[in-house]
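I would like the entire structure built from these sequences, with the hints used as guidance.
For the sequence shown, full-length UniProt numbering assigns the number 1 to the initial residue and increments by one for each residue that follows.
Hint data in this document are derived by calculation from the structure and do not stem from the laboratory.
Bear in mind the structure is a predicted one, so any value in this text is a computation, not a measurement.
Please note that a few of the clues may not be correct.
Computed list of lysine to aspartate or glutamate pairs in EDC-like fashion (alpha-carbon distance at most 20 angstroms, straight line) [said to hold, decoys possible]:
#, residue 1, residue 2
1, K136, E99
2, K143, E14
3, K136, E95
4, K136, E102
5, K143, E129
6, K136, E100
7, K143, D11
8, K136, D105
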Amino acid sequence: MRTRQILCPTDFSETASHALRYAIEMANFYHVGFRLLHVIDQPYGDANFQILAITPEELAQNMEEDAAENMRQLLANLKSELSIETVIRRGVPVEQILEEAEENDVGMIVMACHGRTGISHFLHTNVAEGVANGAKCPVLVVK
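See below:
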């Protein structure tokens, strides 16, 4: 952990920005690199049934462009001397976060927990829980 990068997945929410502050503090403390990751859910579509006037691929491309702009704005506001790499991936968030961590041998994942409870917790995938259960490195979940 003390010599490997920290991975911080973000969805650009307020909770994620809170986790980002923790991740930056830890990266500064350990003098390690930092990876900022955003995962875009792959849009689904069917050639025979389209509600949108664009294809799922075009929609995904637009989502990537929006994510890249959000990433640029986030980096501009960080005011950090850290070596920061940004990554945008497509797919299922839990799978992509775990793949990114594994491929880059990160020392720790620092991410936000959105704290769903009740029926909402049951019906929606809890990304933080899935990452914490599947990661091979320590995971810090920030509220």
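Now the hints, each set against the structure:
1. K136 / E99: 11 angstroms, holds
2. K143 / E14: 10 angstroms, holds
3. K136 / E95: 13 angstroms, holds
4. K136 / E102: Status holds; Cα separation ~8 angstroms.
5. K143 / E129: Roughly 13 angstroms separates the two Cα atoms, so the pair holds.
6. K136 / E100: Since the Cα atoms of K136 and E100 sit roughly 12 angstroms apart, the hinted pair holds (cutoff 20 angstroms).
7. K143 / D11: 14 angstroms, holds
8. K136 / D105: Holds. K136 to D105 sits at ~9 angstroms (cutoff 20 angstroms).
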